[in-house]
Structure formats: structure tokens, C-alpha cells
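Protein chains: 2
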Amino acid sequence: MLNHPLEEILHPGSIAVVGASPTGRGGGFVTPLIDQGFKGPIYPINPKYDEIHGFKAYGRVTDIPGPVDFVISSIPATAILDLMDDCVAKKVKCVHLFTARFSETGRKDAADLEKELLRRAHAGNVRLIGPNCMGVYHPKQGMAFNENMPKQSGPVGLVSQSGQVVGEIVARSAVRRIFFSKAISYGNALDFNECDYLEYFAQDPETKIVLMYVEGLRDGQRFTKLLKETTAKKPVIILKGGRGKAGTRATASHTASMAGSRLLWESMIRQCGAVSVADIDELIDVAACFERIPKIAGRRTAVAGGSGGSSVQAADQCEEAGLDIIDLPRDIRETLKAEGSPIWDWINNPADFSIAMGEEEAALRIMKLMAEHPDFDLFILFAMPPWRQTKDNFDLDQAMQRYTPVVSTKPAVVVYQDWPRNMTPDKGWFDEVSEQIRGKFHEMGLPVYASVIQAARAAVKVVDYWERRKA
Amino acid sequence: MLNHPLEEILHPGSIAVVGASPTGRGGGFVTPLIDQGFKGPIYPINPKYDEIHGFKAYGRVTDIPGPVDFVISSIPATAILDLMDDCVAKKVKCVHLFTARFSETGRKDAADLEKELLRRAHAGNVRLIGPNCMGVYHPKQGMAFNENMPKQSGPVGLVSQSGQVVGEIVARSAVRRIFFSKAISYGNALDFNECDYLEYFAQDPETKIVLMYVEGLRDGQRFTKLLKETTAKKPVIILKGGRGKAGTRATASHTASMAGSRLLWESMIRQCGAVSVADIDELIDVAACFERIPKIAGRRTAVAGGSGGSSVQAADQCEEAGLDIIDLPRDIRETLKAEGSPIWDWINNPADFSIAMGEEEAALRIMKLMAEHPDFDLFILFAMPPWRQTKDNFDLDQAMQRYTPVVSTKPAVVVYQDWPRNMTPDKGWFDEVSEQIRGKFHEMGLPVYASVIQAARAAVKVVDYWERRKA
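These protein sequence lines are chains L and C, in that order.
Here this note's numbering is used: position 412 in the first sequence is 412, and no number is missing along the way.
Here this note's numbering is used: position 154 in the second sequence is 154, and no number is missing along the way.
One should not assume that every hint holds.
[Claimed, not checked] Taking lysine-lysine pairs in the BS3-like style, the calculated list, with each CA pair at most 25 Å apart, reads:
(1) 39(C) to 140(C)
(2) 470(C) to 225(C)
(3) 108(L) to 337(C)
(4) 470(C) to 391(C)
(5) 108(C) to 337(L)
(6) 225(C) to 208(C)
Derived from the structure by calculation, the hints contain no laboratory data.
Construct the complete structure from the given sequences, taking the supplied hints into account.
Here you go:
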């Protein structure tokens, strides 16, 4: 066990769910625990019921016979102080407060209630996650706040002020085969704040990459110090909510956070060696690159596999993202010429494969030479769907074999676009085979992107991280 | 009929397909014409066959008994001069050359052949589309270069140096119910160039919005003049291929174009009142906004319907795109207070609907007040999928009714995210109902975007266009 206050809290032996019910959203958090397979006792608390989702229900926390490590509260704020007194009496270690309508309302009485809640918790030795948040997703421990969250664990830790953001990131990442060690939504950060969670993930050996969604900092100085220390060990990717005037206003009513100016924030993040992203999609794109390609040594990039228009645009997009699309190395050209390639003087980087039309062997040969060449730091494989094949003549393994020599040699990312169904006659098959192709690339350990822009922007952030870490 | 050389060419009475075959890509362009329902005679030309795809095949163009208006050539470049002589003899009006490997190879003999081809065409009064291109998609006339292109016509004209780009734009647009008057891929622009196509679309009454993918200009001065004239009448949205060093290199081998510097290009586009976009996705996003909301008078934007984290990010993203997320107007607050709303002092713009949780009526009331308020120029409706509903209790019409008062009052765009299937238990139903919801929004005449960033960036380009057109 890690020597950090959150370690014990994230590994509870038993959980009480206050405000549980047989109906409504997750039965007030009971059914997500069942779905996720929580191993310890689950105690629903609701005086109106004898049983909830197959568990004996209790009137209050103090009625529970055994010990209770972790309490989830979804009762109204008006009843929160009584619950806290019960939790203190029961020696509960941590309360996760889904309960909201505290300081985020902007009202004095609600803010005062929040303060009193914290005072009683501290006095009684109870720690708080939240309030106004979805709490903990910890697949290995069987903890989840929604049904149907992935059962699989992975190397990514996530801490977010918004629970909706956690739900969205976890679900969108799963589609790309990226899984989480733990993900925590912490709302108003009344007790544990961004610093505590970051400190925990910095130490957690199960977490190799840290993702954060932060609206405001409770302790900027400590955060900066922790961030510097953490980024020297593992990448930290941060999405800031409330970057402008209106966003800052919105953070106040969402999680009672005071967001700061965009420029100050960006410069702080950079100085601390962390990676800043603009939205959830980019957050996942960058995480996918770090997860699959821990290190990219430079910006010199080879692109191959697209056709004419897409190759031109790939070059533009890579350069605009900050990659360097160098000329095709002279010795590759000479090798092609010596081998009698009819396009040795015409093909370039990006390698436009419509030029090699109908000359599959030649195209693959060029791809292999590019992937193996030491002048390239990164290979972007522009994988085309099997346009000219059908269900009857398509062989998945054969289609994928062509890529094997490419991906084994250097950091590589795959671009496989989401093609609209109406582009092919056999619509269902095309969707299905595209999913299979993406799955195979995932199995090969490659990050897969829907566009060159996304791939290039993500790769540049990984290059940047390593440049700063070296410096 | 329009008095422009392309008008007659785009309305051929008969088409000969040289290099047609019973197998291979579209039977060398025959099957796309069949699929698209071309009404006139189709003459496959290939001395090896008597019949191709149900049509009598001919050995050469001069063997055809009736008149031939339009010829599609997919034979190798080596045979192109003989074909041109035949076309001249047969008084063909236009040849579309899919045939490639001319100046784009960078080789002198190929460039010389291209010049001789043009000389013979001019001398014989035959016009050329291409070479090295996919040619014409004209749904009303039954002309297409791929099978399964949409049969429906629409108000968008598209001209592109890359055929692949046309195919992709047309297919991706169809998913969003955006259709085309004509779309032309013109490759190396040997005869007709970007100016001729732009001039045609400027005059064409069937075309209300012009999209262009341009790698290089053959006649920059004429283009600038035409662009200024056109943008005073209809929006022109331009995607430039070859914006940087590597992209410029790639345009040379793709369509033998000399691309210019990014900054010069951007400033020229702006001065001419056209809209510049960075990729195909943005091109379609902007086209969708122009097609559904011809005019947006200003930047003051209301956002409603998201939950906490997504509202904060929506505010950031709108501001960063250039929209103005003004404070909730004071009189809306006063109305809410007078009506006894419990969140009158808390709710803001963006209206975070998680604040109104469980108070559906209140949320809809706020949405309506925002949509009707004169201080807003644009309404962004953040539509959430029916998370808490199931196949058994979901009523599509009822779900959509809530939005009716919103969308009838002012320019509105919809954000409906692509949610991953794994977020819901009943996966198939969720995909299906999401498609139905998007379809209903399309029927309501609203542009639908997958993210706030995309919606905001597109709307800003429409605002910009009208600001410059007024100036």
C-alpha cells in the first residue's frame, strides 16, 4: 500500500450509499457498484425501504452493524450536517458528496453550510471527496459511478472537477482501448483538492500518465511545485475549464472555482513541463500517443499511404502542427532507382500512393524504406479502407500484413478516417471491417486517429514533453 | 441556358467512355453513369469488347454513329494524342481526362506531351477538363464519377483540383443533408482552370454557395478579380492545399501546381471577401452553416442545454472561436425571479442545465427566454441525448417538441455529440435514436455539429463573411 491518505480511501472494504433508492439514476449510486463488481458489503441507506437492489437497507449510517469505510451521499444539502455527525460517530474514513447546491450557487447561506460541513468533517477525522461531484471510478476495486463503465484497468489516471467530463473521457477512451487506473471527479474541492489528487497519482505505480480537468486551483503554489515534480517522472496532460471571461463566469456557478487568465495559465503549465490541451478530444488524442509511444525523439516525420489531395493536406497539417515533413532522403530515392522503380524521381514525402496506383508492391517497398530510415523520428501511416474490396474477397490478416514491417521499426501512428457509410454500397460490412482494422492496429500497439491533424497535434505534444523533460 | 462555355459542357446529350471495361473501377467510368441515371446514350470505347455493361462497345470514337458531346478518357497518356485527333474529327465538345502522368510527374517529356495535347484540342475546338482528375458530378444531369454518389441535388457548387477531395466532401456532406448543384474535379487545369469554374458557379443560379479546393492558381490576377465579384453575390469557401513548404512540394507532384505562401494567400482570400478554411471538416461545417443560416448579424451568442463541465468548456471554446458569450440579460433574470424560479440568480449564459436538474419546465423556460431575447444574435442549442430513457419509454416527437419554440426565433445551430456506443446499455437503440434526432434537427432546417468548437468556428466564419460583405 502506498503511503498517501488517498490510498486507503480508494481501497474501501465497505461502502454505504446514503439516499439509495430502488429507482432513479443508478439507484443513487448502488447499481454502478453492483455492475462494476464491488467485492465488499454495500449498505443502501434510506429509511423508506427494507431492501434496495437486493441489499438490506438501513435507516441511517449508525444503524449499520459492521464497519463502513466509504460513504456516498446523494441526499439534499439540507440533511448533510446530520449525515456528517453520523459518519463521525461511525468512524467513516471518507464521504463522497454527490450532494450539491453549496458554494457553487453563489449564495452566502450555502457557502456557510459548506464551511460548517468541512469543520465537522475535520474535527471528526472524516475526509471528503466533493461536494458536487460524481466521485470515484476505480475499476480494480469495483468502484464506479455509472453503469457500463469499462471493467478493464489501464495505466491512465484521471482527476477532474467535472463528473460529466470523467464519464465522457472514460467512455471515449475505451473505444480507443485506453483504460484507467483510477478516475476521480472532485467538484468543489472542499477537502481534498487538485494538489492531493495529483500528489497521489504522482506516487501511484499503477498510473503512468496523468490527465486533469481543472476549473480553478485551490492552492496554486503547491500545485505548481507538485506539477514540476510529477512531470519529471510521468506526463501530466491538463485541460483547463474557464480560460476566458465567460468560461470563468461559468466555473463559478459550476464548481465555485475562480479561474485565472488563459496566458498566465498556459505559461505556468509550460514552465512546469506539463502538456496543455484545448478540449476533451485533444486530451484523449494526446493520452493515446503517450500510452502507445512513450517517446518520440524529434519532429522529422514520414507520411505515407494517402492519395493526392489527402497527401497535400497531410503535409500542410503536419507542418502547421509543428512537425517537420522533410524531403524524401536521397538514399531512398537511389535505392528505388537501383531497384528499377518507375516513380523513384516522382514520389516524395508525404508518399502519395495514388502515384503508385496499381503498383502495390512498389508502394509497400517505399513505405518500408521510409519506416526504416534513420532520418525520420516518426512515421504516420495513412491507412486507407479497403475501397475496392468486398465482403467476399477481403482477408483481414492479409490486409494487415502489409503494415507489419512498417510499425515494428520506429514510433508510428495510424490515421484511419471515419468514412461515412454512404460512400460504399455494402454499408454494414464496411463499418464492421473498419472496426476490425482499427482493432488490429490497436493490437499492434499503435495509436489510431481519425485525421492527420489529430495525429500530428498529439505527436507534437509528446515531442514537446520530452524536449522539456530533457531540458 | 446560361451563357457560359461550361454550361453546355455540363449538360451533354451523349457521353463516350474511352477505356471502358467490363471490370475494374467503375468499368472505367461507365457504371457511375448508369448508377446516377444518365439519360442520353452512353458509348463505351474499347476495341477488345463488343458490349460493356449492357451497351454496345466501339473500337474508337469515330466509329460511334450518333453525335458525341462529352468524352471521358481513362486510357494511358501514351495514347492520348490519337484520341484527341478522333475527338476533333467527331466534333466532341469536351474531353474529361482521368488520364494522368503528365506534367505532375515533373518530367519534361510528359510536360511536352501535355502541351501538344492542349495545342491539338484548341486547334480542333475541343475543351478539356483535367487531365489527372475525376471530372464531373452533376446529379441533375445523371453525371457521376463514383457509384453511390447522392442522387439528390442541392445549392452547393464545388470545384476541386483533387477528385478524392470531391468524393470525400460530397459523401460527408450527404450525411449532413447538404447536397450539390455540380461538383467538378479539375486536376492539372490544362484548359479550363480555377477561374473558369469559379466564373461559372458565380453565374449559375442553381449554386448559392461555392466551395473550392485549390492547390495552385493558373491565373492569380483573374482569380482575385472574379473572387471579389463572386463574394459580393454568394459566399465562396476555399480550402488551400499546399500552404507550407512540404505541402507545396506535394502539390507539384499531385497536380503540377505551384502553391504560394500561406500568409499571402490568407490575406488575398480575406481581401476578396472569401472564407478560408483549414481542412475538409471545417469546409463542410462552414458550408452547413451558410446553407441553413444564410445570415448571422453579430457575435452575441446564447448557449443552453449542456451540463456543468460542458458549459464551462462551451464558453471557452465559443470565446476562443471569436463569439461573444454575453452575460444573461438582466431582464431575463428579472422575469425568472418574478416567475418564482429557484435558480434565477444562479443560472447564467451558458445556461448549465445540470443546475436545473429535475426541473425540466424551468430549463425549457430559460431556453425560450434566451432564444427570444433581442440581445442575442445566435443561439447554440446543446442537445443532450436521451440518457435516461429507453426504447420503451422514448417518444421522438415529444423529445423534439421542447426545441420547437427555440429554433423558430433566431439563427440557431445545434450541437449533438457523437456519443460512443459503450456509454449506454442498449447500444443499437441509442445509435438509431441519435440518428433520428439529428434527422429531426435537419428537418427543422438547423445545422448540426458534433462539438461546440465546430459550431462556433463555423458560425464565426458566417458572421465574418457578412461583416466584410457589408463593408
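Legend entry - List of violated hint numbers, smallest to largest: 4
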